[in-house]
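Visitor: Build the full structure now, drawing on both the sequences and the hints.
Given next are the chains, with one letter for each unit.
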Amino acid sequence: MAHEEKHKVRDTTVRLLRDGQGSPLIYLHGPAGRPAWSPFFARLAERHEVVVPEHPGFGLSDNPAWMRNIGDAAMYYLDFLDGLRAQRVHLVGHSLGGWIAAELAVRNAARLASLTLIAPAGIRVKGVPSGDNFIWSPEEATRNLFHDQSFADEMLAHTPSEEEADQILTNRYMATKLGWEPRWFNPSLERWLHRIAVPTLVIWGAEDKFLPSRYAELWRERVPGATVSIIDACGHLPQIEKADATAATILRFLEGRRS
Amino acid sequence: MKFTFFHLMPYRPLDLAERHRHRAGWVVLPNTLYDPRKGADEYQSYIDQLVYAEELGFDIVAVNEHHQTAYGMMPAPNLIASALIQRTKHAKIAILGRALPLVNNPINIAEEFAMLDNLSKGRIITGFVRGIGNEYHATGINPYFSHERFQEAHDLIVAAWTKPGPFPFEGEHYNLRYVNLWPRPYQTPHPPIWIPSMGSSETIRWAAAPERKYTFLVTFSGRDLVARYLNLYREQAKEYGYEATGDQLGWASPVYVADTDERAREEARAGIETLFNDFLAVPWEMLMPPGYTSLPSMKNTMRMRKALGARKRHSLEELMDSGTVVVGSPRTVRDQLASLRDATGANNLVTMLQFGVLDNELTRRNMELFAAEVMPHFKN
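Heads up: the sequence lines are chains A and B, in that order. Numbered continuously in our numbering, the first sequence closes out at residue 259. Numbered continuously in our numbering, the second sequence closes out at residue 1380.
Hints were generated in silico from the structure; no laboratory data involved. Note that beta-carbon positions come from the ideal geometry of N, C-alpha and C, so glycine has one too. One should not assume that every hint holds.
As the list claims (entries may be wrong) - Example chain B residues on the side facing chain A (calculated, C-beta under 7 Å, incomplete):
#1 1140
#2 1142
#3 1144
#4 1285
#5 1290
#6 1291
#7 1295
#8 1299
Stated by the list, open to error - Cut-off 30 Å, straight-line C-alpha distance, at most; resulting in silico cross-link-like pairs (DSSO-like, lysine-lysine):
#9 A:6 <-> B:1299
#10 A:8 <-> B:1299
#11 A:209 <-> B:1306
#12 A:209 <-> B:1163
Guide: Following this line, the structure appears as structure tokens:
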């Protein structure tokens, strides 16, 4: 089981979960906030030292006033990587976290051994709009995350405690700050994706209702040598809905790549 | 007291059954439900009502801004204000208000208000608002920065009105090399600024500050909230070391007057109930986008909302009981308005005498009866 730590970079302290041994793998979470430790992370931790930070502004991490946009988040994580012992890391990002990871990689990929993007935000395909998660009711938003609705049923059966509800709201505020306008993308990111000169894997659930899997094509075109893996019968959270397959795909990709 | 005749300009021919097949009467309501021929007639009726209000003795006629909705057909309220300048002589014209954070260059708002002030030779009252949460879905502006943008746009507009130009403006959201307003406003130092609000202590503290002393209007709230917020303004002013005048305080309310209480209820019911349940009602996610209010106040609101339970339709009686609407005989209406005035010392009442589907004939009778039987009792 992972243990929780505080991690300070310059003026900002965040929470992070850490477990496993091996070459380090940093996981950047999506707009819903830092996920609980799950079978997906446990699988990755069999081969890697897995570190899951909670982004500044989310949950109980500090919310520095200077973090105003996705570029600030990317620069923060460059500082964060500099503060680690490891020379190079495998960077994995989901959704919003995938967007931050890509923004980081176009700026400076020197500390990256590889990049894995799971249903990343950050670019858009004209004529293929993202789902409007900000207009969805909580139930719609939960249902639209999954292809297999039994996952949604399970999630909806849980009534959040007051503390959890507060954190959900905090996360929603920060996700809004970073992702509302333009909605979940940065118009200039696509122009610079050719700078990602590390092995890159893009994973997408075929039935993603939030960020359509057709976006994967554009990532493949723009990121040199990127591998795309589409997971059938899966929504926006492959790491939950198809945890084994997703972890196995990532581990296969990372095998033999030295950090 | 000063009386304002305020109009939302709802699109009354809306197919209400069809409207409820959609998430809201805002933003996602297909505009194929708008018939321009019927809409054009609506504009004509409503402008006639605003002009008639001056004739009936209202001190101020007022319009406001909403986007992508059947709730109000004035995405550009200054266009209506401009028409009213040409058709009225003495009444003040209030734009309550423009939603500052929604524009990318607030100078446009400063310029338009300055033009209206010149065109009317100083009859303009401006209102500064942030817009309902829905507007952030309609315009795409990030609600997280709503408060920041409001403050900054306000500072820019007031500076543009009062400081000799050209000068640069250096902000976080707005950066302009040349601020140099032509024309300058007609009124000195600038047109009055009113702050219509559902109420928040932060807004009250800001509006009441000695360098501003803006008129604070509590809009569409129950009588307890109106009294609480207006008295909060008074207390805040005292803390700043001055006594707030009645002119700095006001509230806005739908009002309907008929010969008897019973008749008033009967005639107002459809208008009031459609206003709150069909035109105004929107899902929480649309009304309260993240960041629109501060995180602590949103947390409180969420808890209160959870305690209140599921949303249902509001009945006329509930809205009357809470004092959100004032409906009754001239005597009933006089008594209720007087009691709230006495409890707050407010000198401004913003009346909405057309609401929801209320037709032209009933609107006219309501206006005439209000002007004849209610207003004279409050004239200083």
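Visitor: If you draw a straight line from the CA of residue 209 of chain A to the CA of residue 1306 of chain B, is it 30 Å or shorter?
Guide: This hinted pair holds, its Cα atoms lying about 28 Å apart.
Visitor: Quick check on the hint: residue 1140 of chain B CB to chain A CB, less than 7 Å?
Guide: 5 Å, holds
Visitor: Check whether the Cα positions of residue 6 of chain A and residue 1299 of chain B lie no farther apart than 30 Å.
Guide: 25 Å, holds
Visitor: Would you settle whether the hint for residue 1290 of chain B is holds or violated, based on the nearest Cβ-Cβ distance to chain A being less than 7 Å?
Guide: 4 Å, holds
Visitor: Less than 7 Å between beta-carbons is the criterion; does residue 1142 of chain B satisfy it with respect to chain A?
Guide: Where the cut-off is 7 Å and the nearest Cβ of chain A is about 4 Å from residue 1142 of chain B, the hint holds.
Visitor: Using Cβ atoms only, decide whether residue 1144 of chain B comes closer than 7 Å to chain A, and label the hint accordingly.
Guide: With a closest approach of 4 Å, the residue 1144 of chain B hint holds.
Visitor: Using Cβ atoms only, decide whether residue 1285 of chain B comes closer than 7 Å to chain A, and label the hint accordingly.
Guide: It holds, given that the least Cβ distance between residue 1285 of chain B and chain A is near 6 Å, below 7 Å.
Visitor: Let me know if the C-beta of residue 1299 of chain B comes in closer than 7 Å to any C-beta of chain A, holds or violated.
Guide: Status holds, d = 6 Å.
Visitor: Does the alpha-carbon distance linking residue 209 of chain A and residue 1163 of chain B stay inside the 30 Å limit?
Guide: Judged against 30 Å, a Cα distance of about 52 Å means the pair is violated.
Visitor: Within 30 Å, alpha carbon to alpha carbon, are residue 8 of chain A and residue 1299 of chain B?
Guide: 27 Å, holds
Visitor: Given residue 1295 of chain B as an interface hint, is the shortest Cβ-Cβ distance to chain A below 7 Å?
Guide: 6 Å, holds
Visitor: Can the hint on residue 1291 of chain B be confirmed by a CB-to-CB distance to chain A that is less than 7 Å?
Guide: Since chain A brings a Cβ to about 5 Å from residue 1291 of chain B, closer than 7 Å, the hint holds.
The structure fails to meet hint 12 from the earlier list, while all remaining hints are met.
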